[in-house]
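Residue-level listing of the chains:
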Amino acid sequence: MKKVYILPTGDEIKAGIVLDIDSVEIMRQILCLYPEAQVTRLSPLVDEQDAIVDSINSVTAYKPDVIVLIGGSGGGHRHSETLGKDFTHTALDAFLDEKAIREIYGKNGHLWCRIVCGKKGETLVFNVPGPYEEAKAACAAFFAGLW
Amino acid sequence: MDSQYVIAYADKSILKISGLKVRGLNTRALEQLLFKKLNTFVRVIGVTGEQIEMDAYNVSPETVRKNADGFIDAIALAEGVTVTELVSLSCSEAIREVDFNKIPSLPNEGCAKERWMQKS
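First to last, the protein sequences are chains A and B. Residue numbers for the first sequence follow numbering that gives the first Met the number 0, so the first one is 0 and each next one is one higher. Residue numbers for the second sequence follow numbering that gives the first Met the number 0, so the first one is 0 and each next one is one higher.
Hints are computed from structural coordinates only; laboratory data are not their basis. Be a bit skeptical, because a hint or two may be false.
[Said to hold, decoys possible] Straight-line C-alpha distance at most 25 Å; calculated PhoX-like pairs for lysine-lysine:
#, chain 1, residue 1, chain 2, residue 2
1, A, Lys98, A, Lys62
2, A, Lys98, A, Lys119
3, A, Lys106, A, Lys1
4, B, Lys20, B, Lys35
5, B, Lys35, A, Lys135
6, A, Lys106, B, Lys20
7, A, Lys135, A, Lys119
8, B, Lys65, B, Lys35
9, A, Lys118, A, Lys2
10, A, Lys13, B, Lys15
11, A, Lys2, A, Lys135
12, B, Lys65, A, Lys13
13, B, Lys65, A, Lys135
14, B, Lys20, B, Lys65
15, A, Lys98, A, Lys118
Chain B with its partners taken away, still in its complex shape (with noise of 0.2 Å):
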């Protein structure tokens, strides 16, 4: 078996909406408005019918919350979704870095952040 991996260097942020109703929602035609927005790109990572959860990159999360109104009419343009009454909006803090040296090393055995956390 041939196994390689790379660490990804870019500074995240998570967002997340809710307080919608999402039915036949266009990820792409999403993240083309929010990158307009931002300035910067954004992926959706998970969605359900109330709720959509996005990475931010290159954002800082203050960005995001002073700009919260904002992005809430953004995303009430995209296809799919409608916003309600009880929309809200939420952001985490930026990722934080951990050391990889101190990852065990156990292919198959969980992802690295599972088993960091088991050696912490």
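If we strip away everything but chain A, and leave its shape as in the complex, we get (with noise of 0.2 Å):
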């Protein structure tokens, strides 16, 4: 493991309205894995699904081995309009080649959580869900997976 992204999302993290304290939880967990990865957190994106994926894109030309994108897992705007607009899960499935997903729905019907793991090209690309002890959980499941 030498080069990973993180990517966080949601434009309440970008104003500074609530903290990022899911990109330090996941870059402490890489670095006592890894100590010599060099981690690279990227500027907060916004809630588009475009905007997403054309930073994913970006991202994928220097060759990292993992991109995490951290938020937007959930139903959010589609169930209630106060909600943010959880668009990180749609944009892996446009952008993965080859990908596995895990959904987490509430008996109500609701999507609560969707988790996209998949490669393009060489790269490991996956997300975790906003909520800290979740993104920290779901973080370290996949570096589990890895060994």
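Mind assembling these two chains? They're in different frames, but the hints should get you there.
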């Protein structure tokens, strides 16, 4: 593991309304496992599918080993007009060549979380949910799977 | 493509607190504060500069409403939150179960709720 990019998403993160504590935790996990890795956290992305796809696409040009996207993994605006727009998982649908998907639904039929993991060329790409504990757990599960 | 899903049979209500000024919110710290207050899990699911929306698991809306002032006091302690005189708390009813057998299977054509609503 030599090169990793972390891409936080969310208008509230970009505006500084919410602190990006997930990136810090993900970077901590990566450096614990791969002390020599070069980890880059990009500026937060707006909740727009095209913007997210464009950003992943541009980062892929640097041939990283892993790209981690944070947030935008639920149903979001599809269920509540007061919630943010969740486009990270659909952006990965559009971007990845081969992928595996795991979805969690509530008993009310709402999509609570959709994790997409796949490859683009030699780069592994996956997303984690925005809430800290879930982001931490999802990232730990991903790296445990690599070992 | 490998795709699987699970259904979480958890009860939750949605809490909305408006009339706030939010800047630099540490969501984890807020969730921990409310965990101590409610003795159950809370997850921040949506934040604007004036409002915080949260999922509260395994707690009845009545309990939340009865303790509204206590919750607002707890939220006021969170890093990045300032309570204004317009602060108010609302809580939805607990979520209702839908029959997943009636949800059409259309992968990548919207989430299950959308498909269920389209069929209804």
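Evaluation of the provided hints:
no. : hint                 : result
1   : A:Lys98 to A:Lys62   : holds (18 Å)
2   : A:Lys98 to A:Lys119  : holds (9 Å)
3   : A:Lys106 to A:Lys1   : violated (41 Å)
4   : B:Lys20 to B:Lys35   : holds (23 Å)
5   : B:Lys35 to A:Lys135  : holds (21 Å)
6   : A:Lys106 to B:Lys20  : violated (33 Å)
7   : A:Lys135 to A:Lys119 : holds (23 Å)
8   : B:Lys65 to B:Lys35   : holds (17 Å)
9   : A:Lys118 to A:Lys2   : holds (15 Å)
10  : A:Lys13 to B:Lys15   : holds (22 Å)
11  : A:Lys2 to A:Lys135   : holds (19 Å)
12  : B:Lys65 to A:Lys13   : violated (35 Å)
13  : B:Lys65 to A:Lys135  : violated (33 Å)
14  : B:Lys20 to B:Lys65   : holds (24 Å)
15  : A:Lys98 to A:Lys118  : holds (7 Å)
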